[in-house]
Every structure is written in structure tokens, then in C-alpha cells.
Amino acid sequence: MIHQRAVAQVVAEYLWETGQVDDAVTDLPRRLRDRISRALAGTSLSTETLRWFIEAFDMNQIHADSLWNRYRNDAARAPSGVGIYAPPGNNGEPRRPVSRADYRVRTLDEFHQLGPDGLPNVHQTYVVIEALARLERYTFQFDTDHASVEVLRGGTRGASYPNPDRPEIWAVDIEFADALTPGETAALEYRTFFHYPGAPEPVFRRIILDAIPAVTMEVRFNEARLPARVWWSTWESIDSHAIDESVTPVDRGGTAHRFLENTPPGIFGFRWAWE
138 MIHQRAVAQV VAEYLWETGQ VDDAVTDLPR RLRDRISRAL AGTSLSTETL RWFIEAFDMN
198 QIHADSLWNR YRNDAARAPS GVGIYAPPGN NGEPRRPVSR ADYRVRTLDE FHQLGPDGLP
258 NVHQTYVVIE ALARLERYTF QFDTDHASVE VLRGGTRGAS YPNPDRPEIW AVDIEFADAL
318 TPGETAALEY RTFFHYPGAP EPVFRRIILD AIPAVTMEVR FNEARLPARV WWSTWESIDS
378 HAIDESVTPV DRGGTAHRFL ENTPPGIFGF RWAWE
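When we follow the working numbering, the leftmost residue of the sequence shown carries the number 138, and every step to the right adds one.
Simulated from the structure, these hints should not be mistaken for laboratory data.
We put the beta carbon where it would ideally sit given N, CA and C, even for glycine.
Among the hints, erroneous ones may be present.
[Stated by the list, open to error] Computed Cβ-Cβ distance ranges for the label pairs, DEER-style:
| # | residue 1 | residue 2 | range |
| --- | --- | --- | --- |
| 1 | Trp153 | Phe279 | 41 to 47 Å |
| 2 | Trp153 | Glu412 | 41 to 47 Å |
| 3 | Thr186 | Thr163 | 19 to 25 Å |
With the hints as extra help, turn the sequences into a complete structure.
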């Protein structure tokens, strides 16, 4: 038998020790009890809660990968069961990402971090958007299902779902507490955690669909595995080779950085080689 109070206590101690929750919050185990209960019963499990379990109980990579795979498979079999898939839209239509015609990006900062194994570890995004129409949510899209998203500020994490027009692309909605009206802005910050079963292509890039006044892109390598060379690159499409690139220096901290002003539409980012 699993004792929910004991599990809540272990998770609470992990959150205190890692600084995610102030240790002055002495009733944290009690606050976590309902959330832990729902997760253990299989009625509601978020990616954040699953990550807490994995890290609080110091699970090895094999067990962690197994849990993430089961989480994704369960979500696919039971769309409403674990809260990862969005409900259908009106008339049973699949949920769709927010139209880019409804907002524009004013500022975008992307920070990509790799672990000691050379695999992507975590990605942090800060974006300021301006509503061009009434806006209840913002959609973040990415090209892998080996990821989970945590919203840090600006809204709450909604459901994730495959883009019905491009099934290889996944979408996560960030829902606003109050809908934005035209001209209003919102600052959003969120983290993406990666759970790749193997090594992905050694690139970090961003598709820019509309001109953005200011873009910052940064990739940070772990000192245990630094690249032999890094290039700042431009691609014609996701499937093409880089059409333009230049060698980019990596500083002593293992970071390559690029600031773009009045960025035109295109695909930009870093590419690197280990040898």
C-alpha cells in the first residue's frame, strides 16, 4: 500500500530543499495531499507532478523514461483521462492553435540548455505579446512529443495537443486569467523539459513567422561536454541544410549568444558539432 501522507512529505521536502517552495510554508505536505491523491489514483496527473515524483524519489534514467513513456501513451489512449489533451472545439472539431493574426510578438528571449550527456535538458522562454483581437490564450508549439511544459508566469498551463494541420507539431496552450483586448500586452515565461530517448539533431533553432523587434537566442553547453564548433545558421526549411552560417564563439561558461534586432521572418538558430 502506498501511503499518500508519506509521499506528500517526501515531495514537500524535495520542494523545500530545491528552493521551489519557501520552507516557511510549513503546511506544504497537507497542501499537496489532494494533488498527490489524484495523481496516485490516476484521475489527474500533470507533467509538473510527474517531474516532482521522479526528482523527489531520485529515480534513475531508465525508470524516468519509462514513466514519461507511459504518461504519453496513457494520454493518447484516454484523451480526457490525464489532462494532457485538449477537449474538441465546437461541433467536435479538434482544438487548434491560436491564430497568428490575433497577436504579434514584441520581444522574444530563448535560452536552451544541454546536460552533461550532450542532450537538451531544459529550455526557457520569455515572450511579450500584443493582442490584435480578443485573446484568451497563447499557443506555444514545438516539434517533439518528448517534452513537457511548465508555465512560470503570465498564465496557467492548459492542455497539449497535436496541431491538426501539422500532426508532427505539438501545441500547448497558456491560458490568461483575463482575456486580452486589442492593444493589451502580456508577458509570458515558461520552461520546456526534454525527455529524449536518444540524441536529437545538434541544433537549436526558431521559426520566425512574422517580424519581431527584438530576439535573444542563447544555447548553454555543460562543461562536461563542450562542442568542437558552433555555427549561427539560417535554414530555408526545417528539412533543409543550412543555407547560410558563420562560426560563433562559445564563452568560458559554455554559452553561445545572439541578439537580433527587427528580425525578419525565417528560420534561425545554432548548429554545433561535437568533433
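Against the structure, the hints:
| no. | hint | verdict |
| --- | --- | --- |
| 1 | Trp153 - Phe279: 41 to 47 Å | violated, 31 Å |
| 2 | Trp153 - Glu412: 41 to 47 Å | holds, 42 Å |
| 3 | Thr186 - Thr163: 19 to 25 Å | holds, 21 Å |
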